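Model the full assembly from the supplied sequences, consistent with the hints where possible.
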Amino acid sequence: MKKVINYTTMIVIFTILWVILNESATLFQILIGIIVSIIAIYFTNSYLLLDDYIAYYYVKTFVLIKYLIYLIFQIYKSGISSIGQIIRGDSKVIIIEYESCLNDELSICLLANAITLTPGTVTIDKKGNALKILCFEGNNEIKDAFDVEVCSKFEQILKGRK
Numbered sequence: 001m002k003k004v005i006n007y008t009t010m011i012v013i014f015t016i017l018w019v020i021l022n023e024s025a026t027l028f029q030i031l032i033g034i035i036v037s038i039i040a041i042y043f044t045n046s047y048l049l050l051d052d053y054i055a056y057y058y059v060k061t062f063v064l065i066k067y068l069i070y071l072i073f074q075i076y077k078s079g080i081s082s083i084g085q086i087i088r089g090d091s092k093v094i095i096i097e098y099e100s101c102l103n104d105e106l107s108i109c110l111l112a113n114a115i116t117l118t119p120g121t122v123t124i125d126k127k128g129n130a131l132k133i134l135c136f137e138g139n140n141e142i143k144d145a146f147d148v149e150v151c152s153k154f155e156q157i158l159k160g161r162k
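Heads up: the sequence shown begins at 1 in full-length UniProt numbering, then just goes up one per residue.
Derived by calculation from the structure, the hints in this document are not laboratory data. Since this is a predicted model, take the numbers as computed values, not measurements. Each residue gets a CB set at the ideal place from its N, CA and C atoms; glycine is no exception. Please note: incorrect hints may appear among the correct ones.
[What the hints assert, rightly or not] Across the chosen pairs, the derived CB separations fall in these ranges:
1. 60 - 21: 22 to 32 Å
2. 20 - 60: 19 to 29 Å
3. 16 - 90: 16 to 26 Å
4. 22 - 109: 22 to 32 Å
5. 130 - 156: 12 to 22 Å
6. 44 - 73: 25 to 35 Å
7. 134 - 39: 17 to 27 Å
8. 27 - 88: 46 to 56 Å
9. 21 - 156: 24 to 34 Å
10. 137 - 39: 41 to 51 Å
11. 87 - 30: 14 to 24 Å
12. 5 - 90: 16 to 26 Å
13. 160 - 127: 22 to 32 Å
[Said to hold, decoys possible] List of simulated lysine-lysine pairs, DSS-like, C-alpha gap at most 25 Å:
14. 60 - 2
15. 153 - 77
16. 77 - 66
17. 132 - 159
18. 159 - 60
The following block contains the structure:
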């Protein structure tokens, strides 16, 4: 029963994403979204993954919502900071190396994706749980977030994904 609920949740999330990307919420688009979602999950389970889709890519709904809200907040916060740096001409960049406290591959990739989506930062390399990040030299927010001994807020959120 839990597996059915998990697959249904994934189908709903993929269908919502489909409707958003197609910018149309007609019954036809929703049905196409459901069909494409089912086919995508089946294809991924059958041909691409060695493990079950839900077991490999499962993220608790609460964790996903918390992650997305925090990501959107960080995108706006960093965007405003980056605009100021660009206008002032402080656009020199540096590369920092960051050792993540996350252990599983999906969580590390979600962290790298969050870093790249945040203005003023780009993840340029990933080896294991080590990330190379390109960022503005004067970007104290990224330095403060990643120079700490404990896990960053993104990592704390992603640790609870399973």
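Hints and how they fare:
The hinted range of 22 to 32 Å is satisfied by residue 60 and residue 21, whose Cβ atoms lie roughly 24 Å apart. Between residue 20 and residue 60 the beta carbons are some 21 Å apart, a value that agrees with the proposed interval 19 to 29 Å. Under the hint 16 to 26 Å, the C-beta atoms of residue 16 and residue 90, about 39 Å apart, miss the expected range. Taking the beta carbon of each, residue 22 and residue 109 are about 26 Å apart, inside 22 to 32 Å as hinted.
Between residue 130 and residue 156 the C-beta distance comes to about 19 Å, which sits within the given range of 12 to 22 Å. Checked against the hint of 25 to 35 Å, the pair residue 44 and residue 73 passes, with Cβ atoms roughly 30 Å apart. At about 37 Å, the CB distance of residue 134 to residue 39 disagrees with the hint of 17 to 27 Å. The beta-carbon spacing between residue 27 and residue 88, approximately 51 Å, falls within the hinted interval of 46 to 56 Å.
The beta-carbon spacing between residue 21 and residue 156, approximately 30 Å, falls within the hinted interval of 24 to 34 Å. Between residue 137 and residue 39 the Cβ separation comes to about 46 Å, which falls inside the hinted range of 41 to 51 Å. At roughly 43 Å, the beta-carbon separation of residue 87 and residue 30 lies outside the given 14 to 24 Å, and the hint is violated. The given range of 16 to 26 Å is broken by residue 5 and residue 90, whose C-beta atoms sit roughly 50 Å from each other.
For the pair residue 160 and residue 127, the beta carbons lie near 25 Å from each other, so the given range of 22 to 32 Å is met. This hinted pair checks out: residue 60 and residue 2 have alpha carbons roughly 13 Å apart, not beyond 25 Å. Between the alpha carbons of residue 153 and residue 77 the distance comes to roughly 14 Å, so the proposed pair stays at or under 25 Å and holds. The straight-line distance between the Cα atoms of residue 77 and residue 66 is roughly 16 Å, inside the 25 Å bound, and the hint therefore holds.
In summary, the hint linking residue 132 to residue 159 is supported, as the alpha carbons are separated by about 20 Å, within the 25 Å threshold. Among the hinted pairs, residue 159 with residue 60 is consistent with the structure: their alpha-carbon atoms are about 11 Å apart, no more than 25 Å.
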